[in-house]
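Below, each chain spelled out in residue letters.
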Amino acid sequence: MHTKFELPPGSLLAPSDLPPSPCLAVIAAAHAARQEMLALAAHLARRGPLRVFDGGNRFNAYSVARHLRSLNVPHISSVLEHIRFARAFTCYQMTALLEEASALPLPTLVIDLLNTFYDESAPLEERRRLARRCAQRLRHLAHCATVVVSLRPPQPPAQDATGLQQIIEAAATKVWRQATPPISPPPRLF
Amino acid sequence: MGRTLPSITQAFLGEQEALARFRRALRRADQIALDDLFAAARQHLAAAAYAAHPLPFESFLLAMLLEEHKKVLRLERLLEEMRAQRPEEHA
Amino acid sequence: MPEHHGWLLDIYADGTHGLVLWLLGEDGQRRQFFQDFPITFYAAGERRALRALWRYVRRQRVDVDLFRAERLDLFRGQCIPVLGVRVHRPVEQPRLFQQVAAAFPYLAYFDADLPLSLRHAAAFGTFPLARCQVEADAEGHIRGIQVLDSPWDLEPARPPIRTLCLEPEENPHRRLPKYLLVRATAEGNPRTATYRLAFEPLRPLLINLRALLLRFDPDLLLTTWGDTWLLPYLLAGARRNGISLPLNRDTRRGIASRPERSYFSYGQVIYRGRQVHLFGRWHIDRRNAMLWEDYQIEGILEAARITCLPVQTAARVSPGTGVSAMQILTALRQAVLIPWHKQQVESPKSARQMFAADQGGFVYQPLVGVHYGVAQIDFVSMYPGIMVHFNISPETVSACPPKPDDLLPLEGADGSQARGLIPNTLAPLLNKRMALKQQLIHMSPWDARRKTFQARASAHKWLLVTCFGYMGYKNARFGRIEAHEAVTAYGREILLRAKETAEEMGYIVLHMYVDGLWVQKEGAKESADFQALLEAIAARTGLPIALEGIYRWIAFLPSRVEQRVPVPNRYFGVFQNGSLRVRGIEARRRDTPAFVREVQMQVLQLLAQDETHPEAAIAMAKRRLAELRRARVPLEALVLSQKLSRCVEAYHSPSPAARAAAQLQALGRKLRPGQRVEFIYMRGKPGVHAWELSHPPNPAGVDIERYTTLLLRAVANVLQPFGFDEAALRQVLLDTPCRQSLLPTMSFGKPTSLSSLFPVTQVTAGGPLG
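Chains as they are written, first to last, in this note's numbering: chain A, 1 to 190; chain B, 1 to 91; chain C, 1 to 770.
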């Protein structure tokens, strides 16, 4: 059974936020929690090798390098070598990317997993079938090491009409959802 | 398939944006001088892109320095020419 | 058995006969033939699943052969076991495949959705307008077919095509046109017949058109708005009036109609209107044809010949689809499996490698200002040239982009690796383009073939320009991001080598842009002066480079927002022969009103005559501005056209185009993303008047101030390198007091006359020392 947490707006993830034992964590947030995922990649890279898969052209390597600099990492280039990175541009490629990844004892980040699945050029049933395969594969990978998946929920007011988000979240051990921002905060100078 | 890494221009604007607080607190005249430095760095975006440095700001700083040095050299040469024209005044 | 010689007009699947082929006979007869043509698709996956598929297909009531085979998977670089399904009647294949894919979604499919014309091309060497020798029995069943020429021939024999042009005399989306202009022409026959048929009442028009179609029997219906309005309108009218309108030559077939659609391509939203395809003759709608302005009919026929796509398809698809077709054909000929959905993934690279790999072409920041005696030298078809010369293809590249040191030796691929699928596809096209360009260079300007050659060269150009981007396109069947990255890496290296060569030979490099350089050297004035440079660069890069021209002068412009910042592709200049080259300014943009474009070009033409005395240009601009302000400019010249980037309802703050689209939608016209909307700026709300509204705008309400600003900006942009800016021009052109003077050349406290506004200000930042 998975637990749900609210992700405070603007917070960044650190490895200490992740459970100590291998798990499948899913973050659903605007922009597929891009900043959080890049910061997490920087933290993890400092400790050792990891894999990053990107479904939404979101891996801004400059951003990772800046995080490393702010962490006072001396040899940024060699730490960047720890990150093995690959992209998927269609839902078929994303599925193949996960299925071809072997279960290794190193953390895996999947950024914007569902982005290519929101492309309506493939029939919805086909996309759901592929999403289920991805979910199954993610669980398998999470036996060996922590897997963190980020996704971008469909634009409101559509509440996951495709059911794709539900398919991925159902497979997770831990789900973070972005807190809805408070409605029109009162104006103030600071 | 669309690029993943921001273009060098986007990276440049990002770095400039990151210094917005610094710039805001400067005097107006200093702000203008700072803007000059950034404009000078933009002359060499292609070289900064080709350098493919993980922290491109280092390339931008060097580009600023390069343009400053060219200015110094130009002024030096101008001074030399003026000296050559009226040697007695600059002796 | 009778033998027929002629040109292949059309191929399509037929329910009873396999294939139908239309031949335009050398004897002038248009003949229909039939051919058996089974087609095969493949499935790969687990043995058990393939056995289940075998049983499933057996149960369908479709005439098929099933067989096991091994076929080459290009991405894995080896043969894989597959189940082949050979469908006897091609017309049944799409439906069977749909059923199979739905029942066995987890299998991988190959050769599943290929255009029939490509399969036929792979089997028999046919292509649209191929000269063929056909042996057929008395019923028209083909016993043998032989192709007598090649799509790579430079001057193929021209078939005597008969064309019927149908053109409503005004835009039917605005109001019902009064007349249909009809023109019948036949290749090789100087006589042209023209008719003007009234739309109201429709019945006589239909009867006349029917008679004309039967008597003249055209091969090509060339229409304006035929896809989006005319043919559907005529067909509906014919049905109402109980008249049969024989638009098709094949009388057994109905009209094939494809719905309109919007899609994303290279970051742009593209709109394609509804399409009407015919059988046995072609329909081309000039308004819905791709790149009609460049291609004309000769370009379309050339694109069809070399892509082997049917003429009606080639006319309407993007160059990307053309490139894809060429690759599919190569794959079919080499018996390489063609994936239905590509599942090839990117090989992992390190985050460190991303910085060097994920870059585009080399784009320099030019030295802003006016420069004299500048040569522009361009690599000839650089990206396709790189792919062929360095053998770049999805199956030949390694996971990481090449570093400068491991560039292949300059002789290019050393033969140790077999030539890849992409270079195999591109090499003949590249050769044909080079040969055609050579012929064009040596052709007299009055040669009648010149226009045809240029249209064909344009078709080649677009295919070659697109083939690189297509390599990185996500749905490209033989695309691969690593190959795309390798091409850009070679491109950057080659441009840098060219720069180094030029500098070693004493040239100043003013600008570089992807595949071209702008260079300058004291004393280098004529093409012969640059010959040694061209040869040295070609020797050092392995790629041909040519002198595009020598500019008398060229002005590189800064950014509009920040004058200190140079912008790569914004320039204009005058070649030694007096012709202008203009990039990135208003005159080149479709969202500039014709009037503004025209005045900007007039200013440039006057500058081209004498750039040291811009007074003439300023006086002219002043006259034209006065015309505008006295409402003497015809409304048509003020119309702008902008693209809708999304649905009208989806705009938070609607753009002028969206507001114009909303006016049309209020009258029941539906507009889709990617469609262009024409409008005029008006005063007050909503600030626009859609041009396609049936009532014309009130001339008194036109927003003259807005057009004044557009004009001033356009004029200022081209006069700016000569020391003017918008504020100063506003003062000079409008004779209105201007509160601040921003002219750098003006000294304070002194009255300024026009002549003191010259000379030119030199911008030196970023320039070479000296």
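To be clear, the hints were calculated from the coordinates, so they are not data collected in a lab. These figures come from a predicted structure and were not determined experimentally. No residue lacks a Cβ here, since even glycine has one placed at the ideal position from N, Cα and C. Hints are not guaranteed to be accurate.
As the list claims (entries may be wrong) - Straight-line alpha carbon distances no greater than 16 Å define the calculated EDC-like cross-link-like pairs of lysine to aspartate or glutamate that follow: (1) C:K521 x C:E503; (2) C:K461 x C:D529; (3) C:K474 x A:D119; (4) C:K461 x C:E298; (5) C:K474 x A:E120; (6) C:K670 x C:E692.
Said to hold, decoys possible - Some chain C residues judged to face chain B by a derived CB distance under 7 Å, without partners named: (7) V363; (8) V565; (9) T592.
A quick look at each hint next to the structure:
no.	hint	in the structure
1	C:K521 x C:E503	holds (10 Å)
2	C:K461 x C:D529	violated (28 Å)
3	C:K474 x A:D119	holds (12 Å)
4	C:K461 x C:E298	holds (14 Å)
5	C:K474 x A:E120	holds (14 Å)
6	C:K670 x C:E692	holds (12 Å)
7	V363	holds (6 Å)
8	V565	holds (5 Å)
9	T592	violated (24 Å)
In the structure shown, a violation is registered for the earlier hints numbered 2 and 9, in ascending order.
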